[in-house]
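Number of protein chains: 2
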Amino acid sequence: MMTKSKVQPLLVNYKTLEEFKRFKEYGNQELAMLEDLEGNIVENDSESPFYGVYYGSALVARMSLYRVQSKYDKYFTPPQDYLELWKLEVLPDYRGQGYGKDLVDFAKSFELPIKTNPRINSHDFWEKMDFKKANYDVERDLGENPLIWLPSGVEERDV
Amino acid sequence: MMTKSKVQPLLVNYKTLEEFKRFKEYGNQELAMLEDLEGNIVENDSESPFYGVYYGSALVARMSLYRVQSKYDKYFTPPQDYLELWKLEVLPDYRGQGYGKDLVDFAKSFELPIKTNPRINSHDFWEKMDFKKANYDVERDLGENPLIWLPSGVEERDV
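First to last, the sequence lines map onto chains A and B. Numbered according to our numbering, the first sequence spans residues 1281 to 1439. Numbered according to our numbering, the second sequence spans residues 1281 to 1439.
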């Protein structure tokens, strides 16, 4: 029987930033965090928007999660705080073991609507997670393919 | 000597939407355009945010371009209208012939700042096009890796 993996917040430190290099979606965000740490703009072990799952001492899955304030909400009705989820990724050797679902379940546990802009070819996964395509609106979405998850009592806004 | 390819606006019609299926970045945007056409919500041959290059009668390269109003500008100083560029793509058999550059040059010809959120592994191309990384700001950029191009007289805003 599979035991539930423990999703934990990731703090900004050199060890975590080094582990981030093993993930495919390493970009400006991680580089900015490293520069802030090196320049003492953020303290060691300060909060980051990342959450992760460890297997032993190795980070094997992660996602970024940010709470967007209701005044910026263009997706849901009634307008409310929601979570933007991105960089959900499980390292290749650890796929198919439920770590992705664990991370998404953790995001859902806040009981806020969730929005994500998935990578190409990940739609089957998001469908299993009960996410659905938001209606596309060019002015709002531009190059995004937004998917949303609605907790009970929340609906998608008309575009 | 290479002749300059002709970049042209793409109109919403069944032929164009069929040609879009050959591009890798086919997503919600194209499906929404198709639904709008089928549902008579938009007229045949109405404007789209896409521009393309034809080789003979075949669409071989395209991009989407949208003018964002200055009141939404979070990237440039002074705040101003800018172009969001996405889905720049040249079909595999037609790469290395300057079509991508032709599309970007066309975007630059409006003399507005340009912002794009590039796909992984396309940074060399964007660097050749004189785009540079915007400073990353988690609250503004979330899962994006914004690149910007500045016409003369325009600067990046501090984050």
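Treat the hints as calculated values from the structure; they're not laboratory data. Please note that the accuracy of each hint is not assured.
Pairs count within a copy or across copies, as identical chains cannot be separated in the list.
Below 25 Å or equal to it, Euclidean Cα-Cα: the simulated BS3-like pairs (lysine-lysine) are [as the list claims (entries may be wrong)]:
1. Lys1408 / Lys1286
2. Lys1408 / Lys1304
3. Lys1351 / Lys1295
4. Lys1301 / Lys1412
5. Lys1301 / Lys1351
6. Lys1381 / Lys1351
7. Lys1408 / Lys1295
8. Lys1351 / Lys1304
9. Lys1301 / Lys1413
10. Lys1413 / Lys1286
11. Lys1388 / Lys1295
12. Lys1295 / Lys1412
13. Lys1286 / Lys1354
14. Lys1351 / Lys1286
15. Lys1408 / Lys1351
16. Lys1354 / Lys1301
17. Lys1354 / Lys1304
18. Lys1295 / Lys1354
19. Lys1412 / Lys1354
Each hint, compared with the structure:
1. Only within a single protomer do lysine 1408 and lysine 1286 lie at most 25 Å apart by alpha-carbon distance; the minimum there is 21 Å, versus 44 Å between protomers.
2. In this assembly of identical chains, lysine 1408 and lysine 1304 lie within 25 Å of each other by CA distance both inside one copy and across copies; the values are 23 Å within and 23 Å between.
3. For a Cα distance limit of 25 Å, the shortest separation of lysine 1351 from lysine 1295 qualifies neither inside one copy, at 36 Å, nor across copies, at 40 Å.
4. Taking the shortest Cα distances, lysine 1301 and lysine 1412 sit within 25 Å of each other only across copies (21 Å), while inside one copy they are farther apart (30 Å).
5. Taking the closest pair of Cα atoms, lysine 1301 and lysine 1351 never come within 25 Å of each other, the shortest separation being 34 Å inside a single copy and 37 Å across copies.
6. With identical chains, the CA atoms of lysine 1381 and lysine 1351 are never at most 25 Å apart, being 29 Å at best within one copy and 39 Å at best between copies.
7. Taking identical chains as interchangeable, the C-alpha atoms of lysine 1408 and lysine 1295 are never at most 25 Å apart, the minima being 33 Å within one chain and 33 Å between chains.
8. For a Cα distance limit of 25 Å, the shortest separation of lysine 1351 from lysine 1304 qualifies neither inside one copy, at 32 Å, nor across copies, at 34 Å.
9. For a Cα distance limit of 25 Å, the shortest separation of lysine 1301 from lysine 1413 across copies, 19 Å, qualifies, whereas the shortest one inside one copy, 30 Å, does not.
10. Taking CA atoms no more than 25 Å apart as the test, lysine 1413 paired with lysine 1286 passes in neither setting, with 29 Å inside one copy and 35 Å between copies.
11. Proximity of lysine 1388 and lysine 1295 under a CA criterion of 25 Å is satisfied in neither setting, with 28 Å inside one chain copy and 41 Å between copies.
12. In the homo-oligomer, the alpha carbons of lysine 1295 and lysine 1412 never lie at most 25 Å apart, since the shortest distance is 36 Å inside one protomer and 28 Å across protomers.
13. When the C-alpha separation of lysine 1286 and lysine 1354 is checked against a cutoff of 25 Å, the pair qualifies neither within a copy, at 32 Å, nor between copies, at 37 Å.
14. Proximity of lysine 1351 to lysine 1286 under the C-alpha cut-off of 25 Å is found in neither arrangement, the shortest distances being 32 Å within a copy and 43 Å between copies.
15. Proximity of lysine 1408 and lysine 1351 under a CA criterion of 25 Å is satisfied in neither setting, with 30 Å inside one chain copy and 38 Å between copies.
16. In the homo-oligomer, the alpha carbons of lysine 1354 and lysine 1301 never lie at most 25 Å apart, since the shortest distance is 33 Å inside one protomer and 29 Å across protomers.
17. For the identical chains of this complex, lysine 1354 and lysine 1304 are neighbours neither inside a copy (29 Å) nor across copies (27 Å), given an alpha-carbon limit of 25 Å.
18. Taking CA atoms no more than 25 Å apart as the test, lysine 1295 paired with lysine 1354 passes in neither setting, with 37 Å inside one copy and 32 Å between copies.
19. Proximity of lysine 1412 and lysine 1354 under a CA criterion of 25 Å is satisfied intra-copy only: 16 Å inside one chain copy versus 29 Å between copies.
Checked against the numbered hints listed earlier, the structure breaks hints 3, 5, 6, 7, 8, 10, 11, 12, 13, 14, 15, 16, 17 and 18; every other hint is satisfied.
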